[in-house]
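First to last, the sequence lines map onto chains A and B.
Each step along the first sequence adds one to the number in this note's numbering, with nothing skipped, and position 112 is 112.
Each step along the second sequence adds one to the number in this note's numbering, with nothing skipped, and position 55 is 1055.
These are computed hints drawn from the structure, not numbers from a lab.
Do not rely on the hints blindly, as some may be mistaken.
Below are the DMTMM-like pairs computed for lysine to aspartate or glutamate, each with C-alpha atoms no more than 20 angstroms apart in a straight line [to be verified]:
hint: 1; chain 1: A; residue 1: 36; chain 2: A; residue 2: 24
hint: 2; chain 1: A; residue 1: 41; chain 2: B; residue 2: 1045
hint: 3; chain 1: B; residue 1: 1099; chain 2: A; residue 2: 82
hint: 4; chain 1: B; residue 1: 1042; chain 2: A; residue 2: 96
DEER-style ranges, computed between Cβ atoms [claimed, not checked]:
hint: 5; chain 1: B; residue 1: 1020; chain 2: A; residue 2: 95; range: 23 to 33 angstroms
hint: 6; chain 1: A; residue 1: 65; chain 2: B; residue 2: 1002; range: 21 to 31 angstroms
hint: 7; chain 1: B; residue 1: 1042; chain 2: A; residue 2: 59; range: 33 to 43 angstroms
hint: 8; chain 1: A; residue 1: 53; chain 2: B; residue 2: 1112; range: 18 to 28 angstroms
hint: 9; chain 1: B; residue 1: 1040; chain 2: A; residue 2: 15; range: 22 to 32 angstroms
hint: 10; chain 1: A; residue 1: 18; chain 2: B; residue 2: 1053; range: 29 to 39 angstroms
Computed from a predicted model, the values in this text were never measured in an experiment.
Using N, Cα and C, we set each Cβ at its ideal position, and we do this for glycine too.
So you can see what is in the structure, the chains are spelled out below.
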Amino acid sequence: DTAVSQTPKYLVTQMGNDKSIKCEQNLGHDTMYWYKQDSKKFLKIMFSYNNKELIINETVPNRFSPKSPDKAHLNLHINSLELGDSAVYFCASSLEGTFYNSPLHFGNGTRLTVT
Amino acid sequence: QKEVEQDPGPLSVPEGAIVSLNCTYSNSAFQYFMWYRQYSRKGPELLMYTYSSGNKEDGRFTAQVDKSSKYISLFIRDSQPSDSATYLCAMSSNTGGFKTIFGAGTRLFVKA
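Only chain B is shown next, with the shape it has when bound in the complex (with noise of 0.2 angstroms):
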């Protein structure tokens, strides 16, 4: 079993649905979460992180951590064309020192 499990996908939504795309975990040392955005032929990018449970809103993205059921979301609201890439979440924690573990990625596609 991968310590990170996420579906690849793909995901294919119309313009202004609202996405949600998850991850679980087995690692419960896991305290830092982080979901990256990768376009085609380009390095990840952070998107979000939060730290611990709870949840964290930056524009039309929200980031949730259910540390008890080991699981995270990514919600993006009012989806755009321009939104479609890869998401990998990505998790770490201070016991794992310097590795941060990533799921498979979800490609996601925003229909116009």
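Bound conformation, chain A alone (with noise of 0.2 angstroms):
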């Protein structure tokens, strides 16, 4: 069974479209996250939802919105795609926010390709 789980895996597309990705976690967490990762392998963070509600909004263009129907879901949507925007993006979750013996559970990434 996978813990957390991202669709799609890989992502093609346009400058200019939208596209959603989306998440899932069977693990029981609370709080749930969307990182991204660019080509350097550099990992940062951008969004975290807690029991459903927004905690951190990192300084993201508001082209990119999460929303998160329960705790176990967090999806991805971005407006108006741009070529900067290709990268990896994982989601993870932990059973509480802060880290006291809950580390980050991450899923495989999807990676995003705007041509």
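Can you join these two chains into the complex? Each is in its own frame, and there are hints to help.
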């Protein structure tokens, strides 16, 4: 059973399009995250939801909009895609927000390529 | 200056070598220190974590934290080709809330 699953695995699209990435976790965790990993492997947090409430919203263009319908799901919608949005997007979850015996569990990523 | 600095490598070693991976950081509030391993086309997975200063050992892996120097290390003994991956250090604090900050990752190649 996959603990944190993301779909799609690969996404190739043209500039200006709108796309969504979906994430689901079956670990019973309260907190979910979106991280962006660029071509140099640098992993940067974008958003975090705790029990469906947005708690972290980093300096991300407002073309990116997360949505959490319930605490097991976190989706990411991206409007008007740009070349610079090309990256791997990772969903993660943790039992509690702060790290106290509560490491991040990552999905396998969605590789987004904007042409 | 980034909050967490990590040499991206790549680091290439022969099988059986001892590997040393390091990170430095600037935020003295960090209390929790982690190492994640990431294989190609996969998500990072937690390898080791420590709280505050000290050492922690798990099999061939040893994590060290020196808070006075703001320096953390991961040692891999008897390295194997299957250890070839990117290793990311990460840290967080109670005051940082829900945020875990990652280093850039070091690519490690272990040659058979």
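Fill in: Given hint residue 82 (chain A) paired with residue 1099 (chain B) - CA-CA distance at most 20 angstroms
26 angstroms, violated
Discussion item. The hint says 23 to 33 angstroms between residue 1020 (chain B) and residue 95 (chain A); measuring C-beta to C-beta, is that right?
Written reply: 31 angstroms, holds
Discussion item. Hinted pair, alpha-carbon criterion (20 angstroms max): residue 41 (chain A), residue 1045 (chain B). Please report holds or violated.
Written reply: 14 angstroms, holds
Worksheet item: Does the Cβ pair residue 1042 (chain B), residue 59 (chain A) satisfy 33 to 43 angstroms?
Response: Violated, at about 27 angstroms.
Worksheet item: Can the suggested window of 18 to 28 angstroms be confirmed for the beta-carbon pair residue 53 (chain A) and residue 1112 (chain B)?
Response: Given range 18 to 28 angstroms: violated, Cβ gap about 49 angstroms.
Discussion item. If I claimed the Cβ atoms of residue 18 (chain A) and residue 1053 (chain B) lie 29 to 39 angstroms apart, would that claim hold in this structure?
Written reply: 48 angstroms, violated
Discussion item. Please verify whether residue 36 (chain A) and residue 24 (chain A) have alpha carbons no more than 20 angstroms apart.
Written reply: Answer holds: residue 36 (chain A) to residue 24 (chain A) is near 17 angstroms, not above 20 angstroms.
Item to complete: Given the hint of 21 to 31 angstroms, check if residue 65 (chain A) and residue 1002 (chain B) actually sit that far apart at their C-beta atoms.
Response: Holds, at about 27 angstroms.
Worksheet item: Honestly, do residue 1040 (chain B) and residue 15 (chain A) meet the 22 to 32 angstroms range at C-beta?
Response: With a Cβ separation near 27 angstroms, residue 1040 (chain B) and residue 15 (chain A) satisfy 22 to 32 angstroms, so the hint holds.
Worksheet entry | Pairwise hint evaluation, residue 96 (chain A) against residue 1042 (chain B), where the allowed Cα distance is 20 angstroms at most | It is violated: about 23 angstroms lies between the C-alpha atoms, which goes past 20 angstroms.
The structure fails to meet hints 3, 4, 7, 8 and 10 from the earlier list, while all remaining hints are met.
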